[in-house]
Each structure stands twice: as structure tokens, then as C-alpha cells.
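Protein chains in written order, with UniProt numbering: chain A, 1 to 120; chain B, 1 to 171; chain C, 1 to 657.
Read the hints as simulated data drawn from the structure, not as lab findings. No residue lacks a Cβ here, since even glycine has one placed at the ideal position from N, Cα and C. Worth double-checking, as some hints may not be accurate.
Unchecked claim - Label-pair ranges, simulated between beta-carbon atoms:
hint : chain 1 : residue 1 : chain 2 : residue 2 : range
1    : A       : V57       : C       : D230      : 37 to 47 Å
2    : C       : V301      : B       : R36       : 41 to 51 Å
3    : C       : R318      : B       : E128      : 50 to 60 Å
4    : A       : G23       : C       : I330      : 39 to 49 Å
5    : B       : E79       : C       : M328      : 42 to 52 Å
6    : C       : V552      : B       : G75       : 36 to 46 Å
7    : C       : V613      : A       : G23       : 30 to 40 Å
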Amino acid sequence: MAKILAVDDSASMRSMVAFTLRGAGHDVDEADNGQAALDTARGTKFDLVLADVNMPVMDGISMVREMRTMAGYSGVPILMLTTESNPEKKMEGKAAGATGWLVKPFDPDQLLATVARVLG
Amino acid sequence: MNEQASTASAASDEAAQYLTVNLGNEEYGVDILAVREIRGWTPVTRIPQAPSYVLGVLNLRGAIVPVLDLRLRFGLAREEYTATTVCVIVMVAGRQFGVVVDAVSDVVDVSPGGIRPVPDMGTTVDTEYLKGLTSVGERMVLLLDVDRLLQPQDAQMLEAALASSDVKAVA
Amino acid sequence: MSKVDLAQFHKAFHEESLDGLDAMEQALLALDEGAEDPELINVVFRAAHSIKGGAATFGFTDVAAFTHVAENLMDEVRSGRRPMEKAVVELLLRSGDTVRDMLALSMAGQPAATAESQALLAELSAMVSGGTAAVPAAAKAAAPAETIEGWDIAFRPFDYLLKTGNDPARMFRELGALGPLRVECDAGKLPALADMDASSSYLGWTLHLDAGAKRAAVEGVFDWVDGDCDLTLTPRVAAPAPAAPAAAPAAPSAPRAVRDVATNSEASSVRVGIEKIDTLINLVGELVITQSMLSQFHDGVDASQLEMLRHGLAQLARHTRELQESVMSIRMLPISTVFNRFPRLVRDLAQKLDKKVVLDLRGETTELDKTVLEKIGDPLVHLVRNAIDHGLEVPAKRLAAGKGDTGTLRMEAFHRGGSIVVEVADDGAGLNRDAIVAKAVQRGIIASGDGMSDDAVAELIFEAGFSTAAATTDLSGRGVGMDVVRRNVMDLGGTVGIRSTQGSGTTFTITLPLTLAIIDGLTAAVGEETYIVPLVSIVESVQVKPDAVRSVVGGGELFRFRDQWLPIVRLFDVFGCEGRRRSVDEGIVIVVEGEGTRIGLFVDELIGQQQAVVKSLEANYRRVAGISGATILADGSVALIADVTGLVRMQGRRKAA
Numbered sequence: 001m002a003k004i005l006a007v008d009d010s011a012s013m014r015s016m017v018a019f020t021l022r023g024a025g026h027d028v029d030e031a032d033n034g035q036a037a038l039d040t041a042r043g044t045k046f047d048l049v050l051a052d053v054n055m056p057v058m059d060g061i062s063m064v065r066e067m068r069t070m071a072g073y074s075g076v077p078i079l080m081l082t083t084e085s086n087p088e089k090k091m092e093g094k095a096a097g098a099t100g101w102l103v104k105p106f107d108p109d110q111l112l113a114t115v116a117r118v119l120g
Numbered sequence: 001m002n003e004q005a006s007t008a009s010a011a012s013d014e015a016a017q018y019l020t021v022n023l024g025n026e027e028y029g030v031d032i033l034a035v036r037e038i039r040g041w042t043p044v045t046r047i048p049q050a051p052s053y054v055l056g057v058l059n060l061r062g063a064i065v066p067v068l069d070l071r072l073r074f075g076l077a078r079e080e081y082t083a084t085t086v087c088v089i090v091m092v093a094g095r096q097f098g099v100v101v102d103a104v105s106d107v108v109d110v111s112p113g114g115i116r117p118v119p120d121m122g123t124t125v126d127t128e129y130l131k132g133l134t135s136v137g138e139r140m141v142l143l144l145d146v147d148r149l150l151q152p153q154d155a156q157m158l159e160a161a162l163a164s165s166d167v168k169a170v171a
Numbered sequence: 001m002s003k004v005d006l007a008q009f010h011k012a013f014h015e016e017s018l019d020g021l022d023a024m025e026q027a028l029l030a031l032d033e034g035a036e037d038p039e040l041i042n043v044v045f046r047a048a049h050s051i052k053g054g055a056a057t058f059g060f061t062d063v064a065a066f067t068h069v070a071e072n073l074m075d076e077v078r079s080g081r082r083p084m085e086k087a088v089v090e091l092l093l094r095s096g097d098t099v100r101d102m103l104a105l106s107m108a109g110q111p112a113a114t115a116e117s118q119a120l121l122a123e124l125s126a127m128v129s130g131g132t133a134a135v136p137a138a139a140k141a142a143a144p145a146e147t148i149e150g151w152d153i154a155f156r157p158f159d160y161l162l163k164t165g166n167d168p169a170r171m172f173r174e175l176g177a178l179g180p181l182r183v184e185c186d187a188g189k190l191p192a193l194a195d196m197d198a199s200s201s202y203l204g205w206t207l208h209l210d211a212g213a214k215r216a217a218v219e220g221v222f223d224w225v226d227g228d229c230d231l232t233l234t235p236r237v238a239a240p241a242p243a244a245p246a247a248a249p250a251a252p253s254a255p256r257a258v259r260d261v262a263t264n265s266e267a268s269s270v271r272v273g274i275e276k277i278d279t280l281i282n283l284v285g286e287l288v289i290t291q292s293m294l295s296q297f298h299d300g301v302d303a304s305q306l307e308m309l310r311h312g313l314a315q316l317a318r319h320t321r322e323l324q325e326s327v328m329s330i331r332m333l334p335i336s337t338v339f340n341r342f343p344r345l346v347r348d349l350a351q352k353l354d355k356k357v358v359l360d361l362r363g364e365t366t367e368l369d370k371t372v373l374e375k376i377g378d379p380l381v382h383l384v385r386n387a388i389d390h391g392l393e394v395p396a397k398r399l400a401a402g403k404g405d406t407g408t409l410r411m412e413a414f415h416r417g418g419s420i421v422v423e424v425a426d427d428g429a430g431l432n433r434d435a436i437v438a439k440a441v442q443r444g445i446i447a448s449g450d451g452m453s454d455d456a457v458a459e460l461i462f463e464a465g466f467s468t469a470a471a472t473t474d475l476s477g478r479g480v481g482m483d484v485v486r487r488n489v490m491d492l493g494g495t496v497g498i499r500s501t502q503g504s505g506t507t508f509t510i511t512l513p514l515t516l517a518i519i520d521g522l523t524a525a526v527g528e529e530t531y532i533v534p535l536v537s538i539v540e541s542v543q544v545k546p547d548a549v550r551s552v553v554g555g556g557e558l559f560r561f562r563d564q565w566l567p568i569v570r571l572f573d574v575f576g577c578e579g580r581r582r583s584v585d586e587g588i589v590i591v592v593e594g595e596g597t598r599i600g601l602f603v604d605e606l607i608g609q610q611q612a613v614v615k616s617l618e619a620n621y622r623r624v625a626g627i628s629g630a631t632i633l634a635d636g637s638v639a640l641i642a643d644v645t646g647l648v649r650m651q652g653r654r655k656a657a
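Could you put the whole structure together from the sequences, leaning on the hints where they help?
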């Protein structure tokens, strides 16, 4: 069981991710934008962060950049949830310090497979 | 209960179930899919300007549900409400209402082929509220068109009457 | 693998998509008016992007395909490759409408692509340069089959690799899952201990995978570190032989979400702010404490504990009241959820009628009960249509009247006393008194307008069958008139008033109860029955002496109340109650006021005061004149709630008849 932070401004995507991960026995917190995710992450140590790219207030890429400077978060896996139409976002995410990505649309099984891959 | 086997055997695959209820000497069928609950008679709160067959409303787990008396609906004499009087709660088109009958008797299977049109016969009931009739063994069951029992038409007509009085009104 | 039923997220997806579309529409309208905030463009992009992503995830491929093209169009605008021209705004506004329709179809389990959506999709595609019309197919051509025995991999991560959250050990485990793996470590680059940075990686590896894994599977292990390391993949190719397929992680099968066809049922829901929930949780916590405090009196109370008991009960009463208020506040939503649709409506109407209109929205954060919000939209739309269609003049006419060429339509919500007031005001021509009087006379509503005040004349437009439109346009009219507006508002327990000044405009004032769900009421006995009269309408309850009553022609009775003569309405007559008719001095007269008119309701006796949870009579039955709803009394029986405004009107009609 891992402690996972799911960040997405879309409530339906967020609940899909959270529901699936909880079903697999993980402990999931949610945040609806990058800033909220940083605030949450400051108080709790997460084993994995899953973040959407396009979000209001603070987008996912800025969030990764910020999060990497936070104590305890330099090596924590952060996966970007990107769309396939946007290869340059993958690179931007990587440059900001993201661990990897999961391409939307994904289904619950793909999500679990990817999370299993990062958590080893 | 056994008689129903004879009808059921003749039935095509899409037999529907009906709850039969008694009213005087006649037996009526209510589509079981519309039936929500069968309960004893409890006093209701009378509603102003209601047709005589609408007895009033009762509290059904927090919902306000009108109750009508099937006898009065069909123009029969009113019976005393006793401990054996039954109120069948039905749900039609998203609306719930209670129907007071003398007693409930049976659940029968009726195949579409077993439903015959209602001839203009001597029943006390206006055929408008019937979908048809069927036989269960020796018994004849009149199938109720539950949708029409608490006709919104009644309400509309009444509202139309009220509205027309508006026109004459002076501000 | 997982058995997650995606259908459970459809409703949330639908709701957030509608919110997104609303935000998109507002942003487009602002852009249309020349706003240059780049965030507006982002809002539009994000809406299209999110809906596309969600639709693809939840299996609504038609919606995904459509929004994908809209997103591409927005991406061109966002990246500066295309100016935000009128034509783009127009097309995107229409696209928003279409997506709304498509979502509704999808939710109903129907195919969302319609002839209309396809036509619009074609327009969108044509506008997008290079116009690709569909989501790129996910399936790439399969890599050519190689007959591979194994892989030799040289892997040297750059020193920052660990900081990206990628862990070589984990990657090796992943490789190991593909087949037997031998790992050789090259520590040659390791710095002296003193210079070591714990979060940097200094090692290099040579890996030997002794299995014929597919290239894509091996590359897949390293795809996230592409560019963050030196990587060489060398396949060991064997003589052509049917290589046993390695245990590559099977591509997860994509289970099709079972579409719940029955999602059509509109179970309505409320989204609630976290802070409201927190308040509730705190209150419930306090309630639990109070309860446990009180439970110590389970076995009886001795005199020394009385004060404590009294204190506990008082606390219980307070917490219960606070809990009730908090729960009620959950039903309250800002009126902006209704106001939001008006910028578009006003823009479209004004365009259609060649009028210039500025919409001035105020008090958008004013909160209303959710039920009221759902039902107030239609009456407001009607008033706004009317104002633009009939109230506001075309620019030339306004200039001729000495006004600016642009008319103002103000929609404002605010609190007044225990009510919420919503005003719709225009600075147009105002009501034409002569035309209204003529019409009313022609319709037989009045005999003549002589002696009628302007306000009384204005009130005439609410009469059934009255329409002020000289020529019915397709905007207003539509067979419904102001009487329907008034009826809708009355159904919500509210009132509509009108003020108009010829030449300078018309203001409609809708007054609504703060909340529908709970009222304070006076319980009154009438014959064998019990009715509840809302406290808010009650002026005073009085005993009337027979000598203060005057009979009038036609059978009515008036009684003297302060300086006025008020009609007496015997509730048992109006409601047809059984029971003895008493003379006035045997009962109580409750003086009530509705729409500024007072009447006396004659009842047998007052039973008490109580809060009543208002239940709808219409949900299962229908409207009943003089009754606004029902409630459940402490003994579980039903009591009806008197509709004071309705009773006042009924009395007015009786007088007129």
C-alpha cells in the first residue's frame, strides 16, 4: 500500500483515479490544481504523485517544478497524466522533473499497471 | 392459486403478473410492476376541492401521497373502512398514490394473448379505466388501467376552470 | 484485474463538463467583447481539453472526437497561430451548444453524433489548418518482427536521474520481469565520498537480458528516462527460428465500460463546498458530546443534577438548530448559476433585433435554495426576453428620445428581510398605459381604465391571456404570458411586482422566500382539521366582537382592524371543512397579508406555533388553490399549509365576481 496524491481539476477523472487506486489498496488524497497539491504535499509525505497537466490556478508542470524543490520530494515519483496529442508536454514535464507519464485516455487497468511499475 | 396454472400454460413467453383485488363481487387486476406496497387503512388528511373519490393524503415515509377509493372512483357505494380494508400503493409515471380496495386476493400470470377487450357489459365500472379482461380458471378478472385512475385530466380541467375565472377577475 | 465500473463517474463527468461549457461560454462572450486576457483563452482551451480527455476516458468517443477538433482550434489561438476572430468565437459558441446536446445524448445512452454535430465538426475541421478531424488512432503499426534471443544494454544515467523519481533498481526489476537478467555495475565514475551527492547517481551498468523480449517492451522500460541517460540497446539476433515470445507484460486489455442505459433518471444532486461539510462534521461532533453528556441521566436525575440537565438540554437545542441551519445551507447555491446563462441570451437576442444592450449583473453571489434556483430560470428568461423584445428600443429610437443608443438591462439579486429579491430592470420605453388599457378593455378584463393608478394598470399584464406584444415575434410571445411568470413564481412561494415609468423603463421585482424547505407556522384548528399558516404572512391574531363586523352586499363580511375594514375569509368555507359554523366571536381571526393586501382568516382556534418542513403536494397530486404545500405533524399525520397569497387572490376574485 502506498500513499498517493491524485491531482486533476476534473472531478470525474480524479475520482476515477482515486477510486481505482483505493480499490487496489492504496491510500489516496486528492487535489484539484497544482497549488492545492503543493499545499497538501507540504503536510504529508506521498510515495507517488499523479498530476494532470492542464489545470487552473497552477498547471501540472509548474507544480512538478515547485515540488522538486520541496524537502522530501526530490526523488518521489511524479507521473504526468498527458494526452497523446501533446508530445511536447511530455518533454516539458520531464524537463521540470517529472518521473514519467501516463497517456490519456487510460483505463483503470492501465493506471494500475503504470502505478505498479513506478512503485516497483 | 392453482387455477392460474391453466392460464399460465396457455400463456406466451411474456406473461405479466397482476395483483388481483376485490371490490364487491368483482375482481380487478393491477399490474404488479406498478404496485409498491400494500398496507392497511389509516386515516388520511382531507384535501380541499378534491373529487369525492380522492379521500385525502397520507404520509408515506415523508412523502405526501394521495389516496383514492376505488369504490367511489367507480361510483359504487362507500364501504366502512375496517381493519381488513386495504390500501394498495401504486407508482405510475413517477407519481405515487394509494388505492383503497375491499381486499387483495391473489397474484396471477396473464399472457398478452389471454387479454380480451372489455365488452360493453353490465359491470358497474366505466370501461374507460379498464385495459381488458381475462379469465383465471372460473373467475373473470378486470384489468385496471392504473394510469387513468388518478387522471391528471381531472386536475387540468379543474385548473382550466379556475383559470377561466381569472379572466373575469378585475385587478 | 480491476473491475472498476466507469459508469459511476459519468454523472460527475457530465456535471463538470456542463460547468466547463458554461465557463467556456462566458470566456468566449468576454473575448467577443474585446477582452484581451490570455487566461480567457486558456479557460476555453481547458474546457475543450478536459471534456475531450474525460469523454475519451469514459468511452464517449463521439464527444471526444468533436471536442478534439475544437481543442485543436483553441490550441492554434492559444499559441498565437490564429487570431481570436469573431468567426472563431461564433463557431466555438455553437460548438459549446452542440457538445451540450451531445453530452445529453451520451448520458441517455444514445449515439451522440448527429447530422448537426457532424456538420459543425466539418466546419471546425475546415477552420483548423490542416484539419485533422478525429482523435489520432492509438494503434501504431506493429514493429517488424525480429527474431531476438536477448539484449545487451549499456545504461549510464546522468547524475540527476534519481531526482526525477526514476530508480534504476526499479527499472532493472522491470527488465527482470521480461526474462533472466545479468547486471554488471561500472563504478568507475564514483566520486570520492566527500564529493558525493546522495541524490545523484554516478553509476553505469551493462545489462544482459537473456530472453527474446520485443524491442518495444525493452524500450518501454526506458521511455521515461529517454534523454536522461546514455542508453544503447543491442539485440542479440539468432538464426531465424520461432523465438518463444517472452513474458512481456501483456498490454492490458481495455475493458469497455458497460454503459448504464438507465442514467437518464435525473436524480438531482448538490455539490457542496468542503467548508460547509466541515461545519457539519464539527456540529455533529458537538452533538455526540452533548448526547453522551445527557446519557448519564439515563438512570434518573437527582435534584443536584437538575442544573446540569437543563444545561445539556439547552445545548442540545442549540446544536440541533445549528445543525438544521447548516444542513439547510447545503441547499443554498449562488444565483450566478442562473445568471450565467444570460450574457449569451442577451447577446444573441440583441444581435437578432439590432439593438444595443449592456447586461449589468449584480449580486451574483446571493445564495438561493437549489429548488428555487432550478425553477426561477424560466421566469427570468421570460422577463429578459420581454425586456429586450418590447422594453428596450432600437438605437435610433433611443437617440430620438434623448437617451444613449445602448440600453441597459440590470439583473440584480439581494436580501431584503427574510426574502431574496431578484430584479430585472431595463431603461427602455416603459409600459404603454394606453395600449394596456385598450387591450384589457378589449379582452373584457376591465370595463375602463378611468381612475386606475399606473401601478394597477401595470398589474394588468399579469392577467391570464393578456399579451402586450403588438405583433408576436418568435422571441417573446410563444404562447406564454406574464400570467405564467407570476404563476411560476407563486409556485415557489414568491411574488412578482412591476414598476414602470413611461419613457424611462420597467422594473420587475421578484420576491422569493429564503428557503422553501422549512417555515415557521401557526397551527390552527378548523373544524376537525388542522392547517398551518406561515408566520411570515401573519400580522396579528385577534378576537373579533360581533359588533365590529359588517355584512356587505353579496354575502361578504368585513371587520374593523385598526383603521381598516378587512374582509373575513372563513377557512372552513374555503376549504370545505366539515364542522359547525360558528359566529365570529366564537373563534379567532388571523390577520394575514399577501401582496400588500390584508384579509382576516377565521379559524376555530389556535393550537400553537411550530416549524414545518414543507412537502410538495404536487409531487404526487396537484396544486390545490389556497394550499401551498403540506407538512408532517409530530404524530405522523399530514397537515396542509395555507397559501396566504393565494387566499388573498381568491378573496379578490370573490369580491369581483
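Confirm or reject the claim that C:V301 and B:R36 have a C-beta distance inside 41 to 51 Å.
This hint holds: roughly 45 Å between Cβ atoms.
Can you tell me whether the CB distance of A:G23 to C:I330 sits inside 39 to 49 Å?
The hint (39 to 49 Å, Cβ to Cβ) is violated, given that A:G23 and C:I330 are roughly 28 Å apart.
Holds or violated: 37 to 47 Å for the Cβ distance of A:V57 and C:D230?
The hinted range 37 to 47 Å holds for A:V57 and C:D230, with Cβ atoms some 38 Å apart.
Could one say that the CB atoms of C:R318 and B:E128 fall in the range 50 to 60 Å?
At 57 Å between Cβs, range holds.
Okay, C:V552 versus B:G75 on CB: inside 36 to 46 Å?
holds, 40 Å
Given the hint of 30 to 40 Å, is the C-beta distance from C:V613 to A:G23 inside that range or not?
Holds, at about 38 Å.
Note whether the CB distance of B:E79 and C:M328 lies within 42 to 52 Å or breaks it.
holds, 44 Å
In this structure, the one hint that does not hold is number 4.
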